[in-house]
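Student: In this text, residue positions in the sequence shown follow the UniProt record's numbering: the first is 1, and each later residue adds one.
It should be emphasised that the hints constitute simulated quantities derived from the structure, not laboratory data.
Keep in mind it's a predicted model, so treat the numbers as computed, not measured.
C-beta atoms are modelled at their ideal positions from N, C-alpha and C, and glycine is treated no differently.
Careful, some of the hints might be misleading.
Derived lysine-lysine pairs resembling DSSO-like cross-links, with alpha carbons at most 27 Å apart [to be verified]:
#	residue 1	residue 2
1	Lys-4	Lys-216
2	Lys-221	Lys-147
3	Lys-13	Lys-348
4	Lys-221	Lys-13
5	Lys-348	Lys-302
6	Lys-216	Lys-302
7	Lys-147	Lys-216
8	Lys-263	Lys-216
Cβ-Cβ distance ranges computed for the label pairs, FRET-style [what the hints assert, rightly or not]:
#	residue 1	residue 2	range
9	Gly-52	Phe-247	21 to 27 Å
10	Asp-235	Arg-179	25 to 31 Å
11	Gly-298	Gly-52	30 to 36 Å
12	Glu-18	Arg-336	20 to 26 Å
13	Gly-340	Thr-123	19 to 25 Å
14	Phe-295	Gly-222	18 to 24 Å
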Amino acid sequence: MPQKVQGVIARAKDAPVELTTIVIPDPGAGEAVVRIQACGVCHTDLHYRNGGINDEFPFLLGHEAAGIVEQVGPGVTEVAPGDYVILNWRAVCGQCRACLRGRPWYCFATHNATQRMTLEDGTELSPALGIGAFAEKTLVAAGQCTKVDRAAAPEAAGLLGCGVMAGIGAAINTGGVTRGDTVAVFGCGGVGDAAIMGAALAGAGTIIAVDVEDTKLEWAKGAGATHTVNSSSTDPVEAIRELTGGFGADVVIDAVGRPETYKQAFYARDLAGVVVLVGVPNPTMTLELPLADVFGRGGALKSSWYGDCLPSRDFPLLIDLYLQGRLDLDAFVSERIGLGDIEAAFTKMHDGAVLRSVVVLEGTTA
């Protein structure tokens, strides 16, 4: 039987979000219904509300989530009812050219649930990143569920579903940070601080955080930055060179996603160094660089999709590190809120007042 639950939707561009009743169908082949325990408020959700992703309104928002599998459809073997899972938005297909070449983290045919959740009047909803987890329950493809240790607090674990994984993966998976490397990170919000944590986990010797706000630079120190640069008053390229013996950093991560910060990242790296773009630019942005500099400086310019993660591999590993006290996911949780508080959380996020507001639903003990 279809279920009626409470969920938060964006009905029209730039309109305030609404808490309303949504209808969850029974899971079909390859699908699962998940009872949401916690879901982070990510900047991508605000992009959806503001029409910055596409115009397929109304959207069911939310995607950084952890919860309990309640039902599964025919043919599902990955998870079973009662499993504690983190949701991901890139369920790999196993059949595309990337998967068949042994690179499933680049899967070109990731998938979501086939059926749509709806409003009570039958209006189909577009779930944010194929998840839609600002709701008591949601319908996803079973491959979007990654089983993890149920000892992990859901408000922390769910953050691996997007921003934290994107940052950690940008450093470790995409950037290839290793022992003794020098690393610079532009932008010290949730993704940037996660990149700093990832660099520290990998054994980087010098980690330089760059931002225009002193508050965020203090957050970066807590994440593991060894040095900070306020780029509103200091040239970050010169500062990074000075802190790295005049050479530049081995790996520079742009967690902002603007042409200005990307150029700074490009020139702040050492010869043959790596630049990683993990901040998401808007479609109107363009970049101009002297081709001779691109050639002459060597190295690699990379984009990081979701931290180039493989959820089945990375989520359980990172949860284990969290439970061992080696990865402080709790540090990202600035506040715990209810489903009715999301519009206010968007304002706090836009103002840079929080790393993550996390919606916590009842029954969050895994």
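Student: With reference to the structure, classify each hint as holding or not holding.
Tutor: Hints, one by one, checked against the model:
1. For the hint pairing Lys-4 with Lys-216, the CA-to-CA distance comes to about 40 Å; that exceeds 27 Å, so the pair is violated.
2. For the hint pairing Lys-221 with Lys-147, the CA-to-CA distance comes to about 31 Å; that exceeds 27 Å, so the pair is violated.
3. In summary, the hint linking Lys-13 to Lys-348 is supported, as the alpha carbons are separated by about 19 Å, within the 27 Å threshold.
4. Taking the CA atoms of Lys-221 and Lys-13, the gap is about 37 Å. The hint is violated against a cut of 27 Å.
5. Distance check on the hinted pair: Lys-348 and Lys-302 sit about 31 Å apart at the alpha-carbon level, beyond 27 Å; violated.
6. With a CA separation close to 25 Å, the supplied pair Lys-216 and Lys-302 stays within the 27 Å bound.
7. Proximity of Lys-147 to Lys-216 is assessed by CA-CA distance (about 32 Å); at most 27 Å being required, the pair is judged violated.
8. Among the hinted pairs, Lys-263 with Lys-216 is consistent with the structure: their alpha-carbon atoms are about 21 Å apart, no more than 27 Å.
9. Hint check: Gly-52 to Phe-247, Cβ distance near 38 Å, so the stated range 21 to 27 Å is violated.
10. Restraint check, Asp-235 to Arg-179: a C-beta distance of roughly 29 Å satisfies the suggested window 25 to 31 Å.
11. For the hinted restraint 30 to 36 Å between Gly-298 and Gly-52, the CB-CB distance of approximately 35 Å keeps it satisfied.
12. The supplied range of 20 to 26 Å is met by Glu-18 and Arg-336, whose beta-carbon atoms lie about 21 Å from each other.
13. Against the hinted window of 19 to 25 Å, the Cβ-Cβ separation of Gly-340 and Thr-123 comes to about 21 Å, which satisfies the hint.
14. Checking the proposed 18 to 24 Å range against Phe-295 and Gly-222 shows it is violated: the Cβ atoms sit about 39 Å from each other.
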